[in-house]
Structures are given as C-alpha cells and as structure tokens.
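Enquirer: Listed below, chain by chain, are the residues.
There are 2 protein chains.
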Amino acid sequence: MAFTPYYAVIFTSKHKDMSPEVADEYLQLGGKMVELAKQQDGFIRVDSVHENLGITISYWKDVESIRKWKLQADHTMARNQRDRFYLYYNTRIAKVEREYEFGAL
Amino acid sequence: MAFTPYYAVIFTSKHKDMSPEVADEYLQLGGKMVELAKQQDGFIRVDSVHENLGITISYWKDVESIRKWKLQADHTMARNQRDRFYLYYNTRIAKVEREYEFGAL
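So the protein lines, in turn, are chains A and B.
With the first sequence counted from 1, adding 1198 to any position gets you our numbering.
With the second sequence counted from 1, adding 1198 to any position gets you our numbering.
No lab work stands behind these hints, which were simulated from the structure alone.
One thing to keep in mind: the hints can contain errors.
Note that identical chains are pooled: a pair holds if it fits in a single copy or bridges any two copies.
The calculated BS3-like cross-link candidates involving lysine-lysine, where the alpha carbons are at most 27 Å apart (straight line), are [what the hints assert, rightly or not]: (1) Lys-1236 - Lys-1212; (2) Lys-1214 - Lys-1293; (3) Lys-1214 - Lys-1259; (4) Lys-1230 - Lys-1212; (5) Lys-1214 - Lys-1268; (6) Lys-1212 - Lys-1268; (7) Lys-1236 - Lys-1266.
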C-alpha cells in the first residue's frame, strides 16, 4: 500500500444511545472529519467499520501530517462535542513497520 | 490500556462469498486464532469489527510475542486455506507510540 514505515491513527469507539437528531449531527461530523483527512497532505487511506464497536483507521505518511489534521479535526469536533457522542473512545498513534498483502480491495 | 510502546497487528480483510459449510469452517478457524492469541504470553487485547470490510486488531507487548503467535496461527490457518476464504487481506505490524483514552468499554 505504501512504503513502510508510515503511520496509522487507530480510533476505537463506542457511542452513546442518541436521539435521531444527535445521531444525524454525529454522522455529519464524522463524514466531515474523513473529508478533512482526505484533503490533507500525507493522507494515505482510511478504513472504517462499525458494529457494536467502531474502528476507524486512517493511514498517514508521517506524524507531521497527523498533527496538522488533528488541529483541524479538533476544531471540527471539539472535545465537549465528543463527550456528547461517545461512551468510550481511544486514539492510538502507531508506526506501521511491516505489511503483507494478498489480493485487492 | 498498556504502557506505550506496545504493538498492534492490524488485520484488514474482505472474504469471498462462501457456502454455509465453508463459512462455518471460516468462523471456527477465526475463533481458534483469537483463542490462541489470548493464551499467548504478551497478548494484551483484541478488537474485531466486521461489515463489508473486516478489521481485527490484536495488541501485544512486543514483536517477539507476535512472532510466537504467528507460528501457531500459520499452523492453524495455513496459507492455502486463507486463499480459499479471502478476496483480500492485509496484515500490518505497527508500534503504538501514543494513546489517548476517554471513558470505559
């Protein structure tokens, strides 16, 4: 996918029960965060899967690109907003050192 | 969750259309891989979410623990078996350098 090393932001979350209005707001903000990421220099790709737990992983060329994206993302979904949506979330910054791939998406 | 740095194995996959028999075999093997991981020294936790795409992330104390688990896992689901189940898979070994958490799972 990309030459290692590159970086992954692993976002694991569990959201609260939300009214339809809040759920709508949440989805819009989530979409905006992904759009912001895609426009950012150094962005590689994003994978997002939701069941009971949600996992969104964005991949980046380097930590500097992540830092710039985070500045925008924090503005888009401020901390007090996140607390309205989530029961739990965890953000991990990880350096991808090796990668093995089979087939194509 | 754990003191950084620790390691993440990010497994992203898309499986083939499977007959009920093959799907059953696949689920059993998947469950066995997770059980093997949980019994292994250095295992921290695993998160697994499936929609169209599947993401399973296992977290480990160090690369040596991952290496030992991989030896067992490769025996449990050999390469030719994987090719029967998956259209695509990607395994990334990543070093978790920083972590921010809110709330509890």
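Enquirer: Confirm or reject each hint.
Expert: Okay, the hints, checked on the actual structure:
In this assembly of identical chains, Lys-1236 and Lys-1212 lie within 27 Å of each other by CA distance both inside one copy and across copies; the values are 23 Å within and 22 Å between. For a Cα distance limit of 27 Å, the shortest separation of Lys-1214 from Lys-1293 qualifies neither inside one copy, at 30 Å, nor across copies, at 30 Å. Taking the shortest Cα distances, Lys-1214 and Lys-1259 never come within 27 Å of each other, neither inside one copy (32 Å) nor across copies (30 Å). Proximity of Lys-1230 and Lys-1212 under a CA criterion of 27 Å is satisfied in both settings, with 19 Å inside one chain copy and 26 Å between copies.
Proximity of Lys-1214 and Lys-1268 under a CA criterion of 27 Å is satisfied intra-copy only: 23 Å inside one chain copy versus 36 Å between copies. Taking CA atoms no more than 27 Å apart as the test, Lys-1212 paired with Lys-1268 passes inside one copy only; the shortest distance there is 20 Å, against 29 Å between copies. In the homo-oligomer, the alpha carbons of Lys-1236 and Lys-1266 lie at most 27 Å apart inside one protomer (12 Å), although the nearest pairing across protomers, at 37 Å, exceeds that limit.
Hints 2 and 3 from the earlier list are contradicted by this structure; the remaining hints agree with it.
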